[in-house]
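S.K.: Chain residues, written in single-letter form:
2 protein chains.
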Amino acid sequence: MTLSKLPYKGTRDLFPSEKRVQNFLFEKMNITAQLFGYEPYDGPLLEEVDLYRAKSGEELVNEQIYRFMDRGEREVAIRPEMTPTLARMVAQIHREAPRPIRWYAIPNLMRYERPQKGRLREHWQFNVDIFGGKENLAEFEIFNLAITLLQSFGANATHFEILVNHRKLVDYLFKDKMKLSSEVALKLYKLLDRFKKLPEAVFLEQLETFQLSKDHHTLFLEYLRLSSFEDLEKFLTTHHIDSAVWNFGTFFQLTKEFQLTSYLRYDPTIVRGLDYYTGIVFEIFDKHPDNRRALCGGGAYDRLLEIFGEKPLPGVGFGLGDVTLKDFLQSHGLLPDLSKPKNDVLLTFQIDGGMVPVMRLAQSLRAQGVRVITALETLKLNKIFPLAEKRGAKCVSILDDQELISNQVALKNLITGKQITFALNDLSAIIKFIMD
Amino acid sequence: MTLSKLPYKGTRDLFPSEKRVQNFLFEKMNITAQLFGYEPYDGPLLEEVDLYRAKSGEELVNEQIYRFMDRGEREVAIRPEMTPTLARMVAQIHREAPRPIRWYAIPNLMRYERPQKGRLREHWQFNVDIFGGKENLAEFEIFNLAITLLQSFGANATHFEILVNHRKLVDYLFKDKMKLSSEVALKLYKLLDRFKKLPEAVFLEQLETFQLSKDHHTLFLEYLRLSSFEDLEKFLTTHHIDSAVWNFGTFFQLTKEFQLTSYLRYDPTIVRGLDYYTGIVFEIFDKHPDNRRALCGGGAYDRLLEIFGEKPLPGVGFGLGDVTLKDFLQSHGLLPDLSKPKNDVLLTFQIDGGMVPVMRLAQSLRAQGVRVITALETLKLNKIFPLAEKRGAKCVSILDDQELISNQVALKNLITGKQITFALNDLSAIIKFIMD
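Protein chains in written order, with my numbering: chain S, 32 to 467; chain F, 32 to 467.
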């Protein structure tokens with residue numbers, strides 16, 4: 032039997048050209064998180080299923096999670112998201128840790144789903160969370176961090192927007208205004224969450240099944256049509272909805288202060304599904320017509336630690352996947368060409384006797400931080416330039432009879448075309464030539 | 032029901048102080064691999080079980096692997112090691128890729144084992160492999176890379192040694208000299224592999240079950256007593272074993288040339304289990320008396336692609352786990368103190384009106400690459416120094432009535448004790464003060 036060479040369904044083989052892209056994304060994530068003083072963490076790949084059951088309910092656990100029994104009869108699952116692990120970890124230390132707690136991670140996650148563009152079974156996700164910060168300031172910081180990350184790739188308000196809503200407002204609308212029971216409200220949440228994915232006719236048909244009164248139906252449709260913060264303000268005034276339900280206060284002040292309002296848009300359909308959010312919720316949306324999709328979702332929550340018997344601890348966070356981020360950057364031409372490796376120098380030898388001097392030079396250069404790739408056999412002159420090109424080497428060395436006799440090496444810079452012969456032991460001149 | 036806050040058995044919660052240590056290890060791994068021109072790759076967390084079955088046999092698959100059926104009736108496993116994935120990926124591209132192929136990865140892996148010191152169920156492993164390089168030169172490069180990595184942490188030949196053997200020699204001894212069948216030789220391999228783990232009496236007792244002839248028994252014990260390359264040379268001469276069986280040629284020349292022989296020791300018990308190695312095999316051993324354990328294992332192989340119906344492609348590689356590496360560095364005092372984060376500055380405000388100027392300053396500093404942590408509420412003076420200490424901030428800012436009125440900010444360097452008041456808009460002076 033010959034085995035398949037293909038990766039498991041919905042997962043990726045990250046060959047070097049793809050892994051370099053992923054590393055490029057990870058590096059920006061790490062740098063941005065550190066600029067804001069967020070500390071790195073990570074957790075186990077496997078968690079007990081009870082953790083997800085407590086947080087997300089039986090349905091998600093049954094449908095979308097890779098789960099199995101281990102040999103010790105523990106029901107375990109491959110993490111489909113990081114938040115439950117984060118909650119478990121924060122529950123262990125939040126009493127002693129100085130607040131706010133600012134943490135980030137870039138874990139690999141698996142979901143059991145039908146693979147489609149932008150959604151694979153395995154992906155990596157940048158998770159950023161702040162716990163115990165003053166509400167509006169923490170929200171602002173999280174938005175600011177997400178925007179700063181995307182800006183670091185060269186993206187701006189022409190490329191993406193942040194669609195914002197507030198769970199307290201939706202709750203108030205459904206329960207206080209429309210008098211829905213918690214159970215029915217939950218179902219309407221689910222439908223609202225699918226608004227963008229359903230054809231309008233299907234959506235309206237499904238809305239009919241709720242048998243809302245005419246007034247409530249009208250109110251709901253009016254709500255659905257809101258498309259800006261100005262619309263929202265009018266809506267709240269018209270329907271006498273207390274601004275306390277929707278108090279962005281400092282958050283809005285800061286977004287204006289920092290000219291971030293151009294990134295924000297009110298969107299009544301953003302509710303983040305059945306998730307644990309209790310405050311502001313948001314999704315970062317790609318504005319590219321071919322790629323209208325959420326890159327990132329997040330929001331504020333305060334009862335995440337409840338399942339561990341801990342008191343409420345307010346938090347705000349988001350998750351940004353590597354697949355959607357890459358698609359976003361690609362669709363806007365913001366991804367640099369990383370198809371080739373980057374090496375400072377390719378050291379070659381044209382005669383067997385050149386091998387030891389070359390290995391010795393390689394050793395000395397590496398000790399000074401020069402990225403050196405060495406040939407492992409004698410190479411003819413006509414082979415080395417194509418090889419250097421494929422290896423992404425900036426410079427290349429030549430060592431033939433002539434150089435060997437005089438203890439020299441010829442170096443060529445492939446970008447400038449400049450070529451100089453150096454004494455093999457003149458390390459500082461060689462490094463200067465290569466790194467210039 | 033209250034959920035457990037503890038991680039799943041045999042796995043770790045990496046809180047920031049631990050994650051920083053892991054990142055420190057990963058950074059050195061990345062840097063070292065890049066100094067040698069190795070390209071990064073990664074693969075899926077899940078593979079089909081057949082892949083491991085083909086490579087390692089049914090026993091390993093049954094005993095040590097997390098495996099389950101997915102909903103599409105595929106038998107899948109969480110990767111217990113990276114080599115099968117690597118082989119699958121190299122099989123896809125080796126015909127077109129320029130040789131040698133130099134790749135590395137740092138994947139998370141899971142094995143179903145009883146957790147013990149230095150061996151957890153989940154760990155990360157630095158995997159480095161070279162394919163299609165001239166045999167001895169490729170081996171030398173791999174050894175050199177492993178040594179360079181450990182040296183980059185400050186380790187040297189007083190801290191670790193590389194125990195070396197050669198599968199061809201053991202094969203020749205077992206099959207040609209001792210006339211064992213392949214099946215019996217395999218069993219003796221297994222026993223030899225456990226030599227260091229078994230009490231001598233138990234080992235000898237188990238050896239008896241092989242019912243070796245007196246001559247072969249004596250020969251085997253003589254082999255077992257070899258403890259240096261000099262011993263080995265004598266042994267080969269005495270028993271007329273052709274040096275072609277054990278030809279290190281260029282490899283030895285280079286290790287001598289580069290003064291690496293002090294790191295190497297011949298060890299007849301190193302065979303790397305039932306693994307796919309066909310040439311040189313090695314383990315890097317900690318010399319610390321409290322931590323006598325292999326950090327790293329590797330070797331040369333040439334039939335890795337056979338299971339995909341591909342022709343032999345010689346390769347050399349090793350795997351180095353993060354748990355054993357950390358234990359090694361810790362036991363020798365080579366791990367820096369990373370218990371606290373590192374931030375350039377903590378920006379605080381003592382009055383509400385200071386918040387916006389502080390956020391604005393934070394924004395400007397971050398745009399220049401300064402790692403800024405901001406307070407999210409007004410802080411009293413006596414609170415800020417302990418907080419800065421906990422946050423690992425080098426500098427701290429104070430912004431009270433007086434500064435606010437005059438558009439200034441007071442900055443203190445907590446290491447030197449120096450304190451200066453700056454105009455809030457004098458960004459370059461502020462940055463110079465913080466980063467100096």
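None of these hints come from the bench; they were simulated from the model. Treat the hints with care, since some could be wrong.
[Said to hold, decoys possible] Partner residues are not named here, just some residues of chain S that face chain F (Cβ under 7 angstroms, in silico):
id, residue
1, Leu34
2, Lys36
3, Tyr39
4, Gly68
5, Arg119
6, Pro129
7, Gln290
8, Leu336
9, Glu337
10, Phe339
11, Leu407
12, Lys421
[What the hints assert, rightly or not] Which stretches of chain S does chain F cover? Using the computed rule of at least three CB atoms under 8 angstroms from a CB of chain F, they are:
id, region
13, 48 to 61
14, 70 to 84
15, 121 to 127
16, 162 to 172
17, 385 to 399
Glycine is no exception: its CB is placed at the ideal position from the N, C-alpha and C atoms.
S.K.: Now look at each hint and say whether the structure bears it out.
M.R.: Hints and how they fare:
1. Given the 7 angstroms rule on beta carbons, the hint for Leu34(S) holds: about 5 angstroms separates it from the nearest Cβ of chain F.
2. Interface hint at Lys36(S): satisfied, since its Cβ lies 5 angstroms from the closest Cβ of chain F, which is below the 7 angstroms cut-off.
3. At its closest, the beta carbon of Tyr39(S) sits 5 angstroms from a beta carbon of chain F; the interface hint therefore holds under the 7 angstroms criterion.
4. At about 3 angstroms, the closest approach between the beta carbon of Gly68(S) and any beta carbon in chain F falls short of 7 angstroms, and the interface hint on this residue holds.
5. The beta carbon of Arg119(S) comes within 5 angstroms of a beta carbon in chain F, closer than 7 angstroms, and the hint placing it at the interface holds.
6. For Pro129(S), the interface hint holds, since its Cβ comes within 7 angstroms of a Cβ in chain F; the closest pair sits about 5 angstroms apart.
7. For Gln290(S), the interface hint is violated, the least distance from its beta-carbon to any beta-carbon of chain F being 10 angstroms, above 7 angstroms.
8. Given hint, Leu336(S) at the interface with chain F, is violated; its Cβ is 9 angstroms from that chain's nearest Cβ, farther than 7 angstroms.
9. Below 7 angstroms, beta-carbon pairs count as interface contacts, and Glu337(S) has none with chain F, the closest being about 10 angstroms; its hint is therefore violated.
10. Look at Phe339(S): its Cβ gets to within about 6 angstroms of chain F, closer than 7 angstroms, so that hint holds up.
11. Taking 7 angstroms as the C-beta contact cut-off toward chain F, the hint placing Leu407(S) at the interface holds, the least distance being around 4 angstroms.
12. Checking Lys421(S) against chain F by beta carbon gives a least distance of about 5 angstroms; that is within 7 angstroms, so the hint holds.
13. Remark: the region 48 to 61 of chain S is confirmed as covered by chain F, as 4 of its residues place a Cβ nearer than 8 angstroms to a Cβ of that chain, reaching the required three.
14. Figure legend: the region 70 to 84 of chain S, annotated as covered by chain F; annotation consistent (12 residues with Cβ-Cβ distances under 8 angstroms, at least 3 required).
15. Residue count for the region 121 to 127 of chain S with a Cβ under 8 angstroms from a Cβ of chain F: 3. That meets the three needed, and the coverage hint holds.
16. Only residues whose C-beta sits within less than 8 angstroms of a C-beta in chain F count toward coverage, and the region 162 to 172 of chain S has 6 of them, enough to reach three; the restraint holds.
17. Coverage of a stretch by a chain is defined here by at least three residues with a beta carbon nearer than 8 angstroms to that chain's beta carbons; for the region 385 to 399 of chain S and chain F the count is 6, and the condition holds.
In the structure shown, a violation is registered for the earlier hints numbered 7, 8, 9, in ascending order.
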